[in-house]
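K.L.:
Residue numbers (the numbering used here), protein chains in the order written: chain A, 7 to 209; chain B, 7 to 209; chain C, 2 to 250.
Hints are supplied without guarantee of correctness; some may be wrong.
Unchecked claim - Here are the simulated SDA-like pairs of lysine to any residue, each with C-alpha atoms no more than 20 Å apart in a straight line:
#: 1; chain 1: A; residue 1: K111; chain 2: C; residue 2: A191
#: 2; chain 1: B; residue 1: K143; chain 2: B; residue 2: R116
#: 3; chain 1: B; residue 1: K78; chain 2: C; residue 2: A124
#: 4; chain 1: C; residue 1: K108; chain 2: C; residue 2: E26
#: 5; chain 1: B; residue 1: K126; chain 2: C; residue 2: S57
#: 6; chain 1: C; residue 1: K108; chain 2: B; residue 2: G156
#: 7; chain 1: B; residue 1: K111; chain 2: C; residue 2: K107
#: 8; chain 1: B; residue 1: K78; chain 2: C; residue 2: Q163
#: 9; chain 1: B; residue 1: K126; chain 2: C; residue 2: K108
#: 10; chain 1: A; residue 1: K78; chain 2: C; residue 2: D133
#: 11; chain 1: A; residue 1: K68; chain 2: A; residue 2: A35
#: 12; chain 1: A; residue 1: K42; chain 2: A; residue 2: P31
Please keep in mind that the hints were generated in silico from the structure rather than gathered at the bench.
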Amino acid sequence: MNEDEVMHGRIESLLFVAGDDGLAPEQIAAIIDSTKANAETLLDQLQERYENRQDAGITLRKYGGRYRLVTKGEFAGDITKMLENPSPKSMTQASMEVLAIIAYKQPVTRVEIDDLRGVKSEGPLQTLVAKGFIMEKGRLEGSGRPILYGTTELFLDRFGLESIDGLPPLTEVEEGEQEDTDLFMTKFQEAFNMQEDEGGIID
Amino acid sequence: MNEDEVMHGRIESLLFVAGDDGLAPEQIAAIIDSTKANAETLLDQLQERYENRQDAGITLRKYGGRYRLVTKGEFAGDITKMLENPSPKSMTQASMEVLAIIAYKQPVTRVEIDDLRGVKSEGPLQTLVAKGFIMEKGRLEGSGRPILYGTTELFLDRFGLESIDGLPPLTEVEEGEQEDTDLFMTKFQEAFNMQEDEGGIID
Amino acid sequence: MAYKVKLEVFEGPLDLLLHLINRLEIDIYDIPMAELTNQYIEHIHTMRVLQLDELSEYLVLAATLIEIKSKMLLPVHEEDGLDEHQDFEYEEDPREELVARLMEYKKYKEAANQLKESADERAIHFTKMPEDLSHYGEVAAPPPDEQLNVFDLIGAFQKMLQRKRLRVPLTASITKAELSVDEKMDDIVAILKKKGGTCYFDELFVEGDLTDLVVSFLSLLELMKRMDVLVWQNENFQQLTISFGQEGS
Numbered sequence: 007m008n009e010d011e012v013m014h015g016r017i018e019s020l021l022f023v024a025g026d027d028g029l030a031p032e033q034i035a036a037i038i039d040s041t042k043a044n045a046e047t048l049l050d051q052l053q054e055r056y057e058n059r060q061d062a063g064i065t066l067r068k069y070g071g072r073y074r075l076v077t078k079g080e081f082a083g084d085i086t087k088m089l090e091n092p093s094p095k096s097m098t099q100a101s102m103e104v105l106a107i108i109a110y111k112q113p114v115t116r117v118e119i120d121d122l123r124g125v126k127s128e129g130p131l132q133t134l135v136a137k138g139f140i141m142e143k144g145r146l147e148g149s150g151r152p153i154l155y156g157t158t159e160l161f162l163d164r165f166g167l168e169s170i171d172g173l174p175p176l177t178e179v180e181e182g183e184q185e186d187t188d189l190f191m192t193k194f195q196e197a198f199n200m201q202e203d204e205g206g207i208i209d
Numbered sequence: 007m008n009e010d011e012v013m014h015g016r017i018e019s020l021l022f023v024a025g026d027d028g029l030a031p032e033q034i035a036a037i038i039d040s041t042k043a044n045a046e047t048l049l050d051q052l053q054e055r056y057e058n059r060q061d062a063g064i065t066l067r068k069y070g071g072r073y074r075l076v077t078k079g080e081f082a083g084d085i086t087k088m089l090e091n092p093s094p095k096s097m098t099q100a101s102m103e104v105l106a107i108i109a110y111k112q113p114v115t116r117v118e119i120d121d122l123r124g125v126k127s128e129g130p131l132q133t134l135v136a137k138g139f140i141m142e143k144g145r146l147e148g149s150g151r152p153i154l155y156g157t158t159e160l161f162l163d164r165f166g167l168e169s170i171d172g173l174p175p176l177t178e179v180e181e182g183e184q185e186d187t188d189l190f191m192t193k194f195q196e197a198f199n200m201q202e203d204e205g206g207i208i209d
Numbered sequence: 002m003a004y005k006v007k008l009e010v011f012e013g014p015l016d017l018l019l020h021l022i023n024r025l026e027i028d029i030y031d032i033p034m035a036e037l038t039n040q041y042i043e044h045i046h047t048m049r050v051l052q053l054d055e056l057s058e059y060l061v062l063a064a065t066l067i068e069i070k071s072k073m074l075l076p077v078h079e080e081d082g083l084d085e086h087q088d089f090e091y092e093e094d095p096r097e098e099l100v101a102r103l104m105e106y107k108k109y110k111e112a113a114n115q116l117k118e119s120a121d122e123r124a125i126h127f128t129k130m131p132e133d134l135s136h137y138g139e140v141a142a143p144p145p146d147e148q149l150n151v152f153d154l155i156g157a158f159q160k161m162l163q164r165k166r167l168r169v170p171l172t173a174s175i176t177k178a179e180l181s182v183d184e185k186m187d188d189i190v191a192i193l194k195k196k197g198g199t200c201y202f203d204e205l206f207v208e209g210d211l212t213d214l215v216v217s218f219l220s221l222l223e224l225m226k227r228m229d230v231l232v233w234q235n236e237n238f239q240q241l242t243i244s245f246g247q248e249g250s
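So here's chain A without its partners, still in its complex pose:
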């Protein structure tokens, strides 16, 4: 029992970090060094616990073969209220991220922003347009002619900048990106070899 409890904790921590992406039982099994069947049993137990525990705000759901943590339905009202009680910082991390990307990389398309964040940025973009911090700065030539976004005068004003050149440099970031690229290329190599073995190509 005690052993199982620790396993539940381990799995909870993994699911928590995986967030929206969720985890397949095979992945969990690989990490906890167990079988898929055992991982699934533990996941079932975990779900039962969440459902039975009144003090749990989250529960476990399986969508498309992947398990993820979600908030319980009965708290939807509270979550809606969160929108009406924004953080004292008044801008969410998501909006700030998108704004930072646009400020430093402008003009930039939504696809580029999505790629960089690894998540869709539609909502934050709308918020930022509504706040008057960003605007369309034309369109990219080429397929689809996607909108290019840039910052506004209001952005400069509210952030106390004389001009966009007044942004502090992000030199360190560039270095980090380079490292990431190297890492990615290693991964890529692995995946490529793997795919060749499988004799297929991802489409």
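Fit chains B and C to the supplied structure of chain A, relying on the hints for placement.
P.N.:
Below, chains B and C without anything else, positioned relative to chain A:
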């Protein structure tokens, strides 16, 4: 009790949704229609539960005045395995020294930092700004109006501090404290080895 | 080589001095100036060979050391029955300011180590990205009046980068399959156009998850096959450069 349990569930769901952003106790109070003091009591109870429950993979932490859910330390190994992430590049000794001076003496000018270290700190300062750990906190009145530096919210978060007052007190070195020096040299050695691993000195 | 690295690890003249004091097992409150000065100068002499960038700062402190040393050699007051050593305990010790500086520096050097420990402790606690609340409704957003902070922007950006690090593919079996080769080919052409017709190979592979990168690469191969783009290199081991082929605009 039952009532409290439901409250814990509500708060857990809110914190889950907020993720990395975290929530200030005022926000939670507003959403659950209660006082800040009551929200803080509930948060304390929630944290105690997480810590005591072996089947909890997550726990509650307060960094920079905002509560957020984080995974328990004992599962760091599993999570690292899952993410296959290279641990973020640790900072150089120079950057850490400059950061320590700013953290304790803020607001502080570059000249004061240079004087204290006996060496120019331009490079580390830029790195720290780019990493988001320090920011301009205005300018000193007087000749040249030099920039005053202070630490950011992100600094509190990444260094696990509730507030800037949560910094451990500076150790006043007693006369003849040889042990202290030995300890210092051990640390020094560690830092040195660490930097060697990094394969060089970054500025 | 190992010696060189060891020298480079000093964070400045004060750091070097602290190191020497410790190595020579000197009582910091009663520093033998002659010995320390000699050792110090010997060290920076070695460093001069290594063309240390901050040599000037080391030299400034060397001058200070020499000055203190010479002050100590001067008889301050000739009072009967007191030897030189005792003399300094009553008169202002020329070393006092230096010791104070060293102690002050040491304090922060130790604080830096403590901070590093806190950061290490914090680093083992992972968190998750905020949930996307857009399906719960729009955030009503009039332009905020308050002054916002550029440094919050940087903070947000850094958090994102950290998260991106965490988003390295969980296992190679994940297929998101969001982008087709055809779409990605268009993207590559778009990037090339934006960059004025030429870009480095790496610039096409900066973002995205593993699947994206694989698709990008396959797209690039397809574009090369169609002669829409050329991939070339000036010399061995240099960056690959991509540019439009004859057909490209």
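K.L.:
Compare the structure with each hint and give your call.
P.N.:
Outcome of the hint check:
no. : hint              : verdict
1   : K111(A) x A191(C) : holds (16 Å)
2   : K143(B) x R116(B) : holds (12 Å)
3   : K78(B) x A124(C)  : holds (11 Å)
4   : K108(C) x E26(C)  : holds (19 Å)
5   : K126(B) x S57(C)  : holds (10 Å)
6   : K108(C) x G156(B) : holds (19 Å)
7   : K111(B) x K107(C) : holds (15 Å)
8   : K78(B) x Q163(C)  : holds (19 Å)
9   : K126(B) x K108(C) : holds (18 Å)
10  : K78(A) x D133(C)  : holds (16 Å)
11  : K68(A) x A35(A)   : holds (16 Å)
12  : K42(A) x P31(A)   : holds (6 Å)
Hint compliance for this structure: every hint is met.
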